[in-house]
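*Asks:* Listed below are the residues making up each chain.
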Amino acid sequence: MSFFRFTRKINPLVALVAAVAFVVVGLITAKARTVQCSIFLLSAYVWLLIFGFKRGCVNIILPFIIVGGIFGTIAYFVYGNDYISAIAMVNRFGAVFLAVAIGMSIEPVDTVRTLSSLKVPRQITLGILIATSFPSMLGMEIKRVREAMKTRGAGSVLNPKVFYRAFLVPFVMRLVSISDTLSLSVETRGFTLEKSSCTVYKKVGVTICDVLFVIGVIASAVMVIVL
Amino acid sequence: MDNNNLTDNEIESIAQSLVIDNVSEKIECNDKTTEREDESQPDLNQTNLKDKGENNFDSRAFRKYKIKDIVFLAIISACTLVTGGVMPLLVNVPVFGIVQLGLGLQFSVFPVIGMLKVRKAGALILQSIFVGVFLVFMFPPMVMIVLCAIVAEGIALLIFKSYKNDWSCVVATTLYMPCTIPLLYLYYNAFYTVVGNEKNAVSMFIGGVNSGVVVGITVAVVALCFVGSVIGMIISRELKKAGALKK
Numbered sequence: 005m006s007f008f009r010f011t012r013k014i015n016p017l018v019a020l021v022a023a024v025a026f027v028v029v030g031l032i033t034a035k036a037r038t039v040q041c042s043i044f045l046l047s048a049y050v051w052l053l054i055f056g057f058k059r060g061c062v063n064i065i066l067p068f069i070i071v072g073g074i075f076g077t078i079a080y081f082v083y084g085n086d087y088i089s090a091i092a093m094v095n096r097f098g099a100v101f102l103a104v105a106i107g108m109s110i111e112p113v114d115t116v117r118t119l120s121s122l123k124v125p126r127q128i129t130l131g132i133l134i135a136t137s138f139p140s141m142l143g144m145e146i147k148r149v150r151e152a153m154k155t156r157g158a159g160s161v162l163n164p165k166v167f168y169r170a171f172l173v174p175f176v177m178r179l180v181s182i183s184d185t186l187s188l189s190v191e192t193r194g195f196t197l198e199k200s201s202c203t204v205y206k207k208v209g210v211t212i213c214d215v216l217f218v219i220g221v222i223a224s225a226v227m228v229i230v231l
Numbered sequence: 086m087d088n089n090n091l092t093d094n095e096i097e098s099i100a101q102s103l104v105i106d107n108v109s110e111k112i113e114c115n116d117k118t119t120e121r122e123d124e125s126q127p128d129l130n131q132t133n134l135k136d137k138g139e140n141n142f143d144s145r146a147f148r149k150y151k152i153k154d155i156v157f158l159a160i161i162s163a164c165t166l167v168t169g170g171v172m173p174l175l176v177n178v179p180v181f182g183i184v185q186l187g188l189g190l191q192f193s194v195f196p197v198i199g200m201l202k203v204r205k206a207g208a209l210i211l212q213s214i215f216v217g218v219f220l221v222f223m224f225p226p227m228v229m230i231v232l233c234a235i236v237a238e239g240i241a242l243l244i245f246k247s248y249k250n251d252w253s254c255v256v257a258t259t260l261y262m263p264c265t266i267p268l269l270y271l272y273y274n275a276f277y278t279v280v281g282n283e284k285n286a287v288s289m290f291i292g293g294v295n296s297g298v299v300v301g302i303t304v305a306v307v308a309l310c311f312v313g314s315v316i317g318m319i320i321s322r323e324l325k326k327a328g329a330l331k332k
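So the protein sequences, as listed, match chains A and B.
Residue numbers for the first sequence follow this note's numbering, beginning at 5 and rising by one.
Residue numbers for the second sequence follow this note's numbering, beginning at 86 and rising by one.
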């Protein structure tokens with residue numbers, strides 16, 4: 005019955021396949037079928053909003069407008085005032101940014117749960133979980149090191165010597181100490197790399213929602229290539 | 086009564102003998118301590134050797150991973166990813182090797198730090214797997230970076246047999262990013278629109294017919310990655326000296 009449960013949470017592996025499909029189809033058709041590609045990307049954006057990728061979709065809007073605008077303008081002038089080339093360039097960035105939106109919306113825990121259900125080695129699932137959760141923490145650490153630099157009056161980060169001595173070395177030192185604490189914390193919570201049985205409490209299975217999502221992506225991809 | 090019969094001289098002589106006995110005991114004790122110190126001397130030497138990593142270091146390349154290794158590699162991979170966040174912007178710029186030039190430094194500084202801490206075969210492959218999960222969403226063909234890691238580690242292990250030598254890690258991370266250059270040909274030929282004016286763009290992406298550009302950019306990428314790896318090695322040595330980076 006869980007298959008027919010309607011949830012807006014898409015299976016991470018299904019989302020990953022969709023991301024690859026967006027990039028590949030977007031890049032192939034960006035110039036050859038400029039208008040169709042633009043429609044495909046817009047409909048894909050709406051499709052993502054419907055299926056719970058709201059966070060990523062909202063976050064990419066501003067960077068996409070800036071980057072797409074800059075590179076579209078460059079392409080316009082480079083290809084001799086050809087607006088089709090400009091739109092094609094914007095399409096390509098649109099395809100890449102859609103994939104990024106999917107990546108931003110997926111919960112790292114869900115990815116790990118899915119991989120654990122598929123019996124992926126624990127070394128890899130643990131590493132993926134940490135690597136996907138850590139970037140937000142890195143920002144805070146960078147801020148702390150910068151504050152320490154200011155307190156010490158170390159100088160500008162743009163100076164390579166200052167950057168190396170006052171930023172890079174303390175930053176890596178901090179990473180080492182965080183990794184020691186984190187590994188201790190992981191071990192005390194009973195995590196082991198040995199071949200012992202484990203339970204995945206919240207399994208992320210495939211639901212009818214995932215099937216609908218994939219059907220929509222495939223149908224739109226086929227349409228943009230064939231029509 | 087007998088005690089009372091003892092003369093002052095006798096008492097003095099007994100006292101002197103006692104003192105002498107004490108002194109001799111002290112000397113014996115000192116000898117024993119010296120012997121103990123002598124016995125412990127080789128240990129101290131061994132400790133020094135251990136500090137230098139000459140005696141203690143397990144030179145086997147293929148060893149079991151511990152949780153702390155995986156955690157450190159994952160954190161270093163996160164750093165690589167964050168600093169490599171410019172990739173989505175570079176992938177559509179029609180210049181040969183622009184992705185590698187933009188990411189060469191980040192993808193060599195951090196991986197070499199990870200490898201110098203976790204000197205085990207597969208350290209670079211694990212890092213590239215952790216990075217690859219993100220790269221799927223940024224630029225799917227770069228997932229092939231895992232293959233590049235296998236090639237780079239294979240070459241480094243063939244030359245050095247293990248990661249005992251710092252330069253083996255430097256070699257592996259120097260080759261890591263340049264190995265992705267041949268992937269460009271596959272990617273831009275297979276996926277990029279190849280019609281009309283775009284053919285020129287594709288030509289620029291894959292270096293066109295100008296072999297000088299291809300060789301020049303490839304050499305520049307290798308040099309950049311080498312510089313990055315050496316910087317990473319210097320940072321690791323500094324941390325090791327400070328006692329933060331234990332093997």
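Calculated from the structure, these hints are not laboratory results.
Keep in mind it's a predicted model, so treat the numbers as computed, not measured.
Be aware that a few hints might be false.
[Said to hold, decoys possible] Counterexamples of contact, computed for chain B against chain A with all Cβ distances above 12 Å: (1) 178; (2) 186; (3) 214; (4) 219; (5) 223; (6) 246; (7) 266; (8) 301; (9) 304; (10) 320.
[Said to hold, decoys possible] If you want the footprint, here are the derived chain B segments under chain A, 3+ residues with CB under 8 Å: (11) 152 to 160; (12) 164 to 170.
[Claimed, not checked] Below, computed lysine to any residue pairings styled on SDA-like, alpha-carbon distance capped at 25 Å: (13) A:147 to B:187; (14) B:325 to A:123; (15) A:123 to B:147; (16) B:153 to A:165; (17) A:165 to B:171; (18) B:151 to A:204; (19) B:149 to A:165.
Think of the CB as a built atom: it goes at the ideal place given N, C-alpha and C, for glycine as much as any other residue.
*Asks:* Can you name, in rising order, the numbers of the hints this structure does not satisfy?
*Replies:* Of the numbered hints, 1, 3, 4, 5, 10, 14, 16 and 19 do not hold.
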